[in-house]
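In short: position in the sequence shown from 1, add 251, done, that's our numbering.
Since the hints were made in silico from the structure, they are not lab data. Careful, some of the hints might be misleading.
[Unchecked claim] Here are the simulated DMTMM-like pairs of lysine to aspartate or glutamate, each with C-alpha atoms no more than 20 Å apart in a straight line:
#: 1; residue 1: K421; residue 2: D262
#: 2; residue 1: K362; residue 2: E291
#: 3; residue 1: K323; residue 2: D257
#: 4; residue 1: K313; residue 2: E382
#: 5; residue 1: K421; residue 2: E382
#: 6; residue 1: K379; residue 2: E265
#: 7; residue 1: K396; residue 2: D276
#: 8; residue 1: K324; residue 2: D257
#: 9; residue 1: K421; residue 2: E389
#: 10; residue 1: K396; residue 2: E385
#: 11; residue 1: K324; residue 2: E389
#: 12; residue 1: K313; residue 2: D432
#: 13; residue 1: K406; residue 2: E314
#: 14; residue 1: K261; residue 2: D391
#: 15; residue 1: K379; residue 2: E269
#: 16; residue 1: K294; residue 2: E314
#: 17; residue 1: K342; residue 2: D262
#: 18; residue 1: K379; residue 2: D316
#: 19; residue 1: K313; residue 2: D391
#: 20; residue 1: K421; residue 2: E385
#: 21; residue 1: K323; residue 2: E385
#: 22; residue 1: K342; residue 2: E265
#: 23; residue 1: K421; residue 2: D321
#: 24; residue 1: K379; residue 2: E314
#: 25; residue 1: K272; residue 2: D432
#: 26; residue 1: K294; residue 2: E382
#: 27; residue 1: K261; residue 2: E389
#: 28; residue 1: K313; residue 2: E385
#: 29; residue 1: K272; residue 2: E389
#: 30; residue 1: K292; residue 2: D432
#: 31; residue 1: K323; residue 2: D372
#: 32; residue 1: K379; residue 2: E389
#: 33; residue 1: K351; residue 2: E291
#: 34; residue 1: K293; residue 2: D432
#: 35; residue 1: K396; residue 2: D321
#: 36; residue 1: K272; residue 2: D262
#: 37; residue 1: K324; residue 2: E265
#: 38; residue 1: K293; residue 2: D276
#: 39; residue 1: K323; residue 2: E382
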Amino acid sequence: MNTQIDILFKDLHELLTESIKIVNDNFTGLSETQINWKPEKKKWSIAECLDHIAVSFRSYGKEIDRVMADPKKSSGQMMFHTSLTGGIFLKTMHPDSAVKMPNPSSFAPTKGNLTRRVFEDFLSAHNKLSELVEISRELDLNANKISSPVTSLMKFSLGEVLLILTYHEKRHLLQAQRVMDYPGFPL
């Protein structure tokens, strides 16, 4: 994927705005019973989707902090380029992708009933991601590399990580939104 950097940041901002709108419009007024309701035993509840987003963001935390401690500044490049691996990963992670991705156990949501605290945890992760996007406007999106929290053998560029986290957030919010469409969802 080759994208103009200004268009990339516009797209990231739009995705983040859409994500917070989904939460505010659909989930914040729900009861704990509703956010913990599961359509099937193996499917996630709304709360589990929100928790998973926060857990996943925190998993990238150490690597993001390492890069942000001494980041490579933007050299004025106008284009962002994904690697072959990053491009494939992003296609499968895209919110519109029908591909189901296995969930690493380290990213699994908390077991059992969750409290409304999942909203605070989600909002904290969302706000940190939004801040990271803004800070990254001044950084080299291609040269700053971040190891995957799943395996240090896989590295992504900062730009790829911004897209991965933003796509991931939106993907699971859409999943959470679909929970409300199942028959039997408590009203």
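How the hints compare with the structure:
Between K421 and D262 the alpha-carbon distance is near 12 Å, which keeps this suggested pair within the 20 Å criterion. Taking the CA atoms of K362 and E291, the gap is about 15 Å. The hint holds against a cut of 20 Å. At roughly 18 Å between alpha-carbon atoms, K323 and D257 fall within 20 Å of each other, so this suggested pair holds. The hinted pair formed by K313 and E382 meets the criterion: a straight-line CA distance of about 16 Å does not exceed 20 Å.
At roughly 17 Å between alpha-carbon atoms, K421 and E382 fall within 20 Å of each other, so this suggested pair holds. Of the pairs offered as hints, the one joining K379 and E265 holds, with about 16 Å between alpha carbons and a cut-off of 20 Å not exceeded. Restraint check: the Cα-Cα separation between K396 and D276 comes to about 35 Å, which exceeds 20 Å; the hinted pair is violated. A distance of roughly 16 Å separates the Cα atoms of K324 and D257; the hinted pair therefore holds under the 20 Å criterion.
Between K421 and E389, the direct Cα distance comes to roughly 24 Å. Violation of the 20 Å bound is thereby established for this hinted pair. Annotation: proposed proximity of K396 to E385 holds, straight-line Cα distance about 17 Å (limit 20 Å). A distance of roughly 6 Å separates the Cα atoms of K324 and E389; the hinted pair therefore holds under the 20 Å criterion. At most 20 Å may separate the alpha-carbon atoms for a hinted pair to count; K313 and D432 exceed this at roughly 37 Å.
A threshold of 20 Å between alpha carbons decides the hint, and for K406 with E314 the separation of about 10 Å falls inside it, so the pair holds. At most 20 Å may separate the alpha-carbon atoms for a hinted pair to count; K261 and D391 meet this at roughly 17 Å. Distance check on the hinted pair: K379 and E269 sit about 16 Å apart at the alpha-carbon level, within 20 Å; holds. Restraint check for K294 and E314: not satisfied, since their Cα atoms lie roughly 30 Å apart, outside the 20 Å limit.
Distance restraint check for K342 and D262: the Cα-Cα separation of roughly 15 Å lies within the 20 Å cut-off, and the hinted pair is therefore satisfied. Distance restraint check for K379 and D316: the Cα-Cα separation of roughly 12 Å lies within the 20 Å cut-off, and the hinted pair is therefore satisfied. For the proposed pair K313 and D391, the alpha carbon gap of about 19 Å is at most 20 Å, so the pair holds. For the hint linking K421 to E385, the alpha-carbon distance of about 18 Å falls within 20 Å, and the restraint holds.
With a C-alpha separation of about 15 Å, the suggested pair K323 and E385 falls inside the 20 Å cut-off, and the hint holds. With a C-alpha separation of about 18 Å, the suggested pair K342 and E265 falls inside the 20 Å cut-off, and the hint holds. Distance check on the hinted pair: K421 and D321 sit about 29 Å apart at the alpha-carbon level, beyond 20 Å; violated. With a C-alpha separation of about 14 Å, the suggested pair K379 and E314 falls inside the 20 Å cut-off, and the hint holds.
At most 20 Å may separate the alpha-carbon atoms for a hinted pair to count; K272 and D432 meet this at roughly 18 Å. Annotation: proposed proximity of K294 to E382 is violated, straight-line Cα distance about 31 Å (limit 20 Å). For the given pair, K261 sits about 15 Å from E389 by alpha-carbon distance, which is consistent with the 20 Å threshold. For the hint pairing K313 with E385, the CA-to-CA distance comes to about 19 Å; that is within 20 Å, so the pair holds.
The straight-line distance between the Cα atoms of K272 and E389 is roughly 27 Å, outside the 20 Å bound, and the hint therefore fails. Simply put, K292 and D432 have alpha-carbon atoms about 16 Å apart, close enough for the 20 Å limit, and the pair holds. Taking the CA atoms of K323 and D372, the gap is about 29 Å. The hint is violated against a cut of 20 Å. Distance check on the hinted pair: K379 and E389 sit about 16 Å apart at the alpha-carbon level, within 20 Å; holds.
Restraint check for K351 and E291: the C-alpha separation of about 17 Å stays at or below 20 Å, so the hint holds. Restraint check for K293 and D432: the C-alpha separation of about 17 Å stays at or below 20 Å, so the hint holds. Only pairs whose Cα atoms come within 20 Å are accepted, and K396 paired with D321 is accepted, the gap being roughly 12 Å. At most 20 Å may separate the alpha-carbon atoms for a hinted pair to count; K272 and D262 meet this at roughly 15 Å.
Between K324 and E265, the direct Cα distance comes to roughly 24 Å. Violation of the 20 Å bound is thereby established for this hinted pair. About 26 Å separates the Cα atoms of K293 and D276, which puts this hinted pair outside 20 Å; it is violated. At most 20 Å may separate the alpha-carbon atoms for a hinted pair to count; K323 and E382 meet this at roughly 17 Å.
Against the hints set out earlier in the document, violations occur for numbers 7, 9, 12, 16, 23, 26, 29, 31, 37, 38.
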